[in-house]
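Peer 1: Chain residues, written in single-letter form:
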Amino acid sequence: MNAKAQKAKGCGIEPAYYDAVTQAIRSEAVKVLKEGAVSAVIGYLPGRRKSAAVPAVVTTEEEAGRLIFSPACVNNLSLYLTKAKKGILPGGKIGIVAKGCDLRALAGLMGESQIKRDDLFIIGINCAGVQGAVAAGNGQLTEASIAKKCRECTAHTPEGVDFVAGTLPHLDGLTPLEAEELARIEAMPQAERWAYWKEQFSRCIRCMACRQVCPFCYCEQCLCDKNRPQAVESSPRPAGNTAWHIVRAMHLAGRCAGCAECERSCPMDIPLNLLNRRMAQELKELYDYEASMAPQEKGPLNQYKEDDDQSFIK
Amino acid sequence: MKNKMMRLSNETMNIGFVKKVESLSGSSVRRCFQCGKCSAGCPMSAFMEHPPNRIVRLLQLGQWERVLAGRSIWYCASCETCTTRCPNKVDLASIMDALRKLSWDADGPSKESYVQLANRLFIENIRTYGRQYELRLGAAFNMKSGQFLKDLMLGPKLLSKGKLKMFHSKNRNIAQIEGIFKRIEEMRKKGEAL
Amino acid sequence: MTPKKRLNYSYYPGCSLHASGREYDISTRALFKALGLGLKEVPDWFCCGATPAHNVDELLSLSLCAKNLKMAEEVEGDLAVACAACFSRLKHAQHKITHDETRRRQVETAIDGPADVKKPVKHILEILAREVGLAKLEENVKKPLLGLKVACYYGCLLTRPPEVPELDDCEDPSIMEDILRALGAEPVQWSHRMECCGANFTLSRPGVVMKLSNAILDSAQFAKADCIMVACPLCHGNLDIRQESIENKNQASYELPIFYFTQLVALALGVPSTDLGFDSVIIDPRPLLREKQLI
Amino acid sequence: MHAEQVKHDFEPKVVAFVCTWCTYAGADLAGTSRMQYPPNVRVLKFPCTGRIDPVFILRAFQKGADGVLVSGCHPGDCHYMAGNFHARRRFAAFRALLDFVGVDLNRLQFSWVSAAEGGKWVEVVTELTERVRGMGPMKEFKELELEEQWSASLSTPELKAAYDSIT
Amino acid sequence: MSRIGVFVCHCGENISRTVDVEQVAAAAGNIPGVAFSCDYKYMCSDPGQNLLKKAIAEHNLTGVVVAACSPRMHEKTFRKAAGAAGLNPYVCEMANIREHCSWVHENREMATAKASDIVHLMVERVKKGKSLAPITVPVTKKALVIGGGIAGIQAALDIADAGHQVLVVEREPSIGGHMAQLSETFPTLDCSQCIMTPKMVDVANHPNITLYSYSEIEKVEGYIGNFQVTVRKKARSVDESKCTGCGVCIAKCPKKKIPNEFDQGHGMRSAIYVPFPQAVPNTPVIDRENCTMFQSGKCGVCAKVCGPGAVDYQQEDTLTVESIGAIVVATGFKLYSIDRKPEGSMIQGYGEFGYGTIPDIVDGMTFERLASASGPTGGKILRPSDGKEPKQIVFIQCVGSRAREKGISYCSKICCMYTAKHTMLYHHKVHDGQAYVFFMDARTPGKGYDEFWRRAVEEEEAVYIRGMVSRMYQKGDKIIVMGSDTLVGVQVEIEADMVVLATAVQPQEGADLLAQKLGISYDKYNFYSEAHAKLKPVECATAGIYLAGACQGPKDIPDTVSQASAAAAKVMTLFAKDQLERDPVVAKVNEKYCVGCFACKKVCPYGAIEEKEIKDRQGNVVKVIAYVNPGVCGGCGTCQATCPSKTVELDGYTDEQIMAMIETL
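Protein sequence lines, in the order shown, are assigned to chains A, B, C, D and E. Number 213 in the numbering used here belongs to position 213 of the first sequence; there are no gaps in the numbering. Number 107 in the numbering used here belongs to position 107 of the second sequence; there are no gaps in the numbering. Number 73 in the numbering used here belongs to position 73 of the third sequence; there are no gaps in the numbering. Number 10 in the numbering used here belongs to position 10 of the fourth sequence; there are no gaps in the numbering. Number 152 in the numbering used here belongs to position 152 of the fifth sequence; there are no gaps in the numbering.
A few of these clues could be false.
[To be verified] Cross-link-like lysine-lysine pairs, in silico, DSBU-like; alpha carbons within 35 Å at most: (1) E/Lys602 / A/Lys314; (2) C/Lys33 / B/Lys165; (3) E/Lys128 / E/Lys41; (4) E/Lys380 / E/Lys478; (5) A/Lys83 / E/Lys612; (6) E/Lys233 / A/Lys305; (7) D/Lys13 / A/Lys198.
[As the list claims (entries may be wrong)] Pairwise CB distance ranges, derived in the manner of DEER restraints: (8) B/Met5 / A/Asp307: 50 to 58 Å; (9) E/Gly387 / B/Met5: 25 to 33 Å; (10) E/Arg340 / D/Asn106: 35 to 43 Å; (11) E/Cys194 / B/Pro87: 29 to 37 Å; (12) B/Pro87 / E/Gly265: 39 to 47 Å.
Derived by calculation from the structure, the hints in this document are not laboratory data. None of the values given here were measured: they were computed from a predicted structure. We put the CB at the ideal spot given by N, CA and C, even for glycine.
Just chain A, same shape as in the assembly:
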């Protein structure tokens, strides 16, 4: 390990790694487009700003040659396979660049009959991590800029993909900030917890960014948009906000892939992924369920065992 790498230890990942991944993606994307194996590849193109990246659907070899992978490639691209965004895709098999967490989302969507594995060419990334909400000035990934979810990622290596891009560099163990935060909140007295979340939810402006970026919020009509009956108030007031976030967390329980896009996209910095993580933790404890990179037939809340825990039921 060279000196530079030594320096990066604990504070960042070598840019060369991203370059290598970028090259691998480009060549594979060009190849599959050229072969006609896919009609388009969903990936990342450089953004207008320096060190930025934007999701893109590329249909030509030329465009594919410009695909990148960098710490700024935060988006979960599986989003573009569902919802109204489906319309931007040409017909036929689609290539998609997927980080580990994105891959879990893809698997989840397959389990929910939203996409078919056969319709996809998945370019999986040996992902060292991406940046969080605050990017480093030089666009490199540092301990300060790495996304919280990546600090305790368990999905670095893609499984069951058609192509794997890049090799995983050595990764240093980082303090799991999110897990610590979760533990901290859980340790609070109940009233304090309510106060905490009341404060968080009160900031919500109901921009629905969290819903927009969530690969699993693909419903044609969200329950929370219905007004006959109106189960969740739609105006950004505390009651409706609280209900919305509880309902959202409940609807994602057992489905959430842990990409944390909701939290990243939240303009009000509400720690939404904590809710999702708490539910994932509970379902792991109760039913030994974890989101995986392989499609599962039924989610934990769509099945049951006769001897499920019922200690809470009188």
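Dock chains B, C, D and E against chain A, hints included.
Peer 2: Structure of chains B, C, D and E alone, referenced to chain A:
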């Protein structure tokens, strides 16, 4: 005796005794299903250590000693309430008669001597005089039972009202009566009757 | 009054009617005379054995009764019996001897002759209510017993068990009440019509008798009866002779005259009260009768 | 079991979401057996606990419930075979979520009450009512409702009539 | 605008005693959308129903709430009345202010307030209610009878005689059940097999009956009129179509010392066997656990001697799927065992009787086999330990039954009678023996039953002792029985040669598992629950499934046969129509918004949800969405609670209705 454990077997259950009772009374003891109606209506229940239904119960189990030991059978008033009301037509009044007879014969282990004495005197009176003479009966009973003053107050009153005769004569048919007694005794000796 | 055809009865008074129950005998004879009925005592009858005999020796009891019944054959007319105990024993004997072949043979050996027990045995109540008839009684009333509240006491022997005396309903008889109504008296409804007075223990266990008889007296008083009417010399003895001691023992005051039904019937039919043996009883009924203007 | 039925200073609102086959019938049995329990509970009948959406519980709390009971058939007894099994998982998860956002789970009771368990129904309802009574009103969601009340209440008859006329 | 009518019932005084009904009616009148409200003494009476009908017409009502008793009581009544008045029955609802209010509360003020709230809830529910039309589904006219005891046999014969196809599934190698094991039957003492075996043969020969013996129910799907039942035919190792029933295989089988289950383990059978000579079918079965061929691969004698070559060691279980319209459950009972029970079992054994370790303490069924002419002793009463004739025999009733502490509080109903029968059989066979019976109560309701019991006591000289046995122990070759006679009030001790226990009747092994497959409910003892204890004693709550015999609760033969015929009658009633009308409370999918995640399909207990392709005009599949088969849907609504966007909705329980109710709080 009353609370002693009961060992049941063909040996401890005296079925022969029960058969005698059934034969004398002409009534089955097995028919009784222990509803307790006899005891419920018995005017003498309160004076018995085994109420009537239990007497039958003990007979069902062949427990003859327990039946005869108590004074219960002697405290039966022969009012026939039990017999009249028994849902199973168990003629308990006759069963009581039979039990007293068997106890009498066996010079039974009964504790009730007064009633037995009264009966004995009554029957002796018949044998001797052919009819009852109440004064004689009462006096004899008081003498023999040692209760010399019993009902003493009633005597003069009754005498003055002409209710007790001071004197009486033997019935003219007394020989015939004696004959009846004799022939019954003979029959029993020969085993022709119980 | 003369019946179209004179009815004749043979008569078995029994031991009590010759002693403690003599007023029963007296009033019975007076009544029969008033009704124009013949009544001839069976000569040389002897004791039926009563309760003591059957209590310890049923065969003796049956034999004595069978012999008496046989002797009664000698006298014309159905056998009229006044004493409830004698009536019960004679009927029992008839019933048993007719229904139990073994017993019949044993009885025949005992009395040394055929057990001829066919003679109809009738209680005097039966004769009054059924043979003379209530209508006739009512017709002949001279002195209606108006305003006299009577507790009719049947005791245990008159009706039980139903298949033996065949006198009346064994749990709810009405023969005494029917007769009384015909005489214009007022029978009361009361609880102890059929309860035992304990006669069997009158000699041996008077304490028992006092207790049982007290309940009867108490019940009659509760029913606001002026007097009690009986058909059995043993019952009469317990209720009348022992009434004072019962009162003393229970701190009660009953003063209930005890009538034989024959006395009341005869009175209503106009037999002079002096002929009915009212002087023989312990609780003098005459003040009551005077109060009701019956004498 | 016979709760003393005198009016207290605080009478909590308790809502029971029950299945029609077991718990509703169990509550009927409590009635036919003339058992007594606090009159605070309002029963909403569902075909099955499987039909009960967590949103209903949330809504009930928002609308002023101080306690919520969800009750259905015992495991294996579901009239629809498995509705209660699905409900069991759903509510296990929902409970955890509510707990995490700071809702006192003492206000939310789950139970199995069969059609034969009139006594158990009484017991469960009485226990929840008395527990919630002891805890006082459920302020949390009500406060949220009151905060930033932008529009007038919908409860005026005119508005209600207008709203209903849409239907 | 809704025009709802509210009718508040007094129910005589049942409601009005605790609830101010006038106030409730008045309060209801103030609820927006309520056009009419009143109270009435008896809404369910004819005048009450007429009041409802008249009000619907006069006030042009669009919905009705009857505040009265439980809908389980009169919902049908009022829906019918509303229907007669031209209203859709499904906009008629009941507010339960009796069972849920007036009967359970004493405080008038609070009860009245609660009643008003309940009425308000239901008014809102009706306001959002929709008119629904009944669903019709076809009926498959073939019945399944589970269990081939006397109950199953009777039900099967009755249905088959009515001209319908019947499938009888029996777990054991032969039909006959417990009745085939009995020696004589009370109260007539006629030989059980003499009356049973002709019926068994009738089943085998009936053209409308298909018999699957040695088979079990694997899976039940579908619903009334349209069940799909998977039956597992267990490997018999003998080809039924080839076997002639000659019995040579049995005669030649070298393994002959296997305790015979039919004789309660007191007789022996071979490894290839028929349970008893009159078995139907008379096809042997190989007990693979005891067969040398299956255990060591060396033998094969039966195959060698079998002329038609019916023995097939390779035979495997086969699964058959049958379309069935109605199911009769007749799985019968088993007898309680006094053995030590596993830790945590609800049922306890009898330590005071030695936990079943004393060989001459047997149960009633064993005594039946001993008394049976076809039994292991040829009908002689001989005790198991040494084959001696017992001279003192003690019968004990209520062993397990009515013993709350042992886990069973019910009366097993048949024991008093069969014990009386046992004493008679014993007395007939052992003239110098004495039978004693310990009993708590003699319960003999039934035609000729009490007379039968009295005969045992009065003529057959059984000594009945009213009292229970406290303890029994072996002493030499005697069993010391320590009991009490409560009538005398003393302890009783008997040195018995043999003791027969009238052990409790329990549901058949695995009754709960079968119930779960069938989707029917059962009580804490695993007896199946009828839909109504008095008025629907034969039906299960699950439509199309009926009960017969002791699987529902202890029953004797006459009761069992009666119920079996009743169940058969119910099946025939169902089969009398080609179409069945179903409750329209079923789920529907909003095709516009469904995105086809199929969470609903995953949770549907009925498998009622199918995938449906939505195509454009060119025939291209635009999307695949969920579709609910209304004939299969059971109406539980689990799909709706699971659907994130609520695009599947249960009619009669829509979110709109429920939310409207919650809004009233």
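Peer 1: With reference to the structure, classify each hint as holding or not holding.
Peer 2: Against the structure, the hints come out as follows:
no.	hint	in the structure
1	E/Lys602 / A/Lys314	holds (27 Å)
2	C/Lys33 / B/Lys165	holds (26 Å)
3	E/Lys128 / E/Lys41	holds (28 Å)
4	E/Lys380 / E/Lys478	holds (19 Å)
5	A/Lys83 / E/Lys612	holds (19 Å)
6	E/Lys233 / A/Lys305	holds (27 Å)
7	D/Lys13 / A/Lys198	holds (23 Å)
8	B/Met5 / A/Asp307: 50 to 58 Å	holds (52 Å)
9	E/Gly387 / B/Met5: 25 to 33 Å	holds (32 Å)
10	E/Arg340 / D/Asn106: 35 to 43 Å	holds (41 Å)
11	E/Cys194 / B/Pro87: 29 to 37 Å	holds (36 Å)
12	B/Pro87 / E/Gly265: 39 to 47 Å	holds (44 Å)
Checked against the numbered hints given earlier, this structure breaks none of them.
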